[in-house]
Amino acid sequence: MAYYESTFIARQDMSTQDVQNLTDNYTKIIAENGGAVVKTEYWGLKTLAYIIKKNRKGHYVMIVSDAPYDAVKEMERRMKINEDILRHMTIKVDEVDLSPSPMMSNNSADYEIEGLGTKTVIEEIEG
Amino acid sequence: MNRSDDNNTGHSGESNNSYINNQVSPSGLFFRRQRACPLSGENSPKIDYKDPKLLTKFLSEGGRILPSRITSVSAKKQRQLKIAIKRARNIALLPFTTHQ
Chain C
1 MAYYESTFIA
11 RQDMSTQDVQ
21 NLTDNYTKII
31 AENGGAVVKT
41 EYWGLKTLAY
51 IIKKNRKGHY
61 VMIVSDAPYD
71 AVKEMERRMK
81 INEDILRHMT
91 IKVDEVDLSP
101 SPMMSNNSAD
111 YEIEGLGTKT
121 VIEEIEG
Chain H
1001 MNRSDDNNTG
1011 HSGESNNSYI
1021 NNQVSPSGLF
1031 FRRQRACPLS
1041 GENSPKIDYK
1051 DPKLLTKFLS
1061 EGGRILPSRI
1071 TSVSAKKQRQ
1081 LKIAIKRARN
1091 IALLPFTTHQ
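From first to last, the protein sequence lines stand for chains C and H.
Here the working numbering is used: the first residue of the first sequence is 1, the next is one more, and so on.
Here the working numbering is used: the first residue of the second sequence is 1001, the next is one more, and so on.
Hints were generated in silico from the structure; no laboratory data involved.
Among these hints, one or two may not hold up.
Claimed, not checked - Stretch-level coverage of chain C by chain H, calculated; a stretch enters the list once three of its residues show a Cβ under 8 Å from a Cβ in chain H:
1. 41 to 52
2. 86 to 93
3. 97 to 104
Virtual Cβ for every residue (Gly too), placed ideally from N, Cα, C.
All chains should be modelled from the sequences, with the hints used to inform the complete structure.
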């Protein structure tokens, strides 16, 4: 199975608990379809570089998974339908880095991380 | 006379010799190929679309991707950089343009 990295931006009106529920939904979809979630990262409520659907900020979430294509396709389909998600992007990666991504380690003043803090759930890679 | 730079209006850091010798030399350096690619070699940072701090170093003030003859990036890394920047722009980590 291949490694996929999926990033999505949720609307700024949503609370962090709602975003967490959304993330759990998608991780469940992947698990149901035979995949395994390697890592989930919440980058916080960040200012967008440009206005998307009249939103200036958004909740960024990244899910790294080891899954067959069907699981990811189903997750993408749901993301497309969901109105709360402004934008999503899934890419296929060759290898997974288990350490936190550069977005989590930055403490510069450029970032406005107003979320409830950083949540990195790192699970075992199966197989 | 020698200083008429009607061909090179975009580059402010060039030496006066560049017009005579027909070479583009950023920041007054004569031979650019002596400067190493900042993204290759040991301890070089990995190109990742999630790292806007690294990527903004290779963007102009207006948010456009700088050519590799200015930044001395190798061709292979420039291609990876291009893909990473375009992905970051899609996810609104980098702007497409900052021009009003």
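Unsatisfied constraints (hint numbers, rising): none
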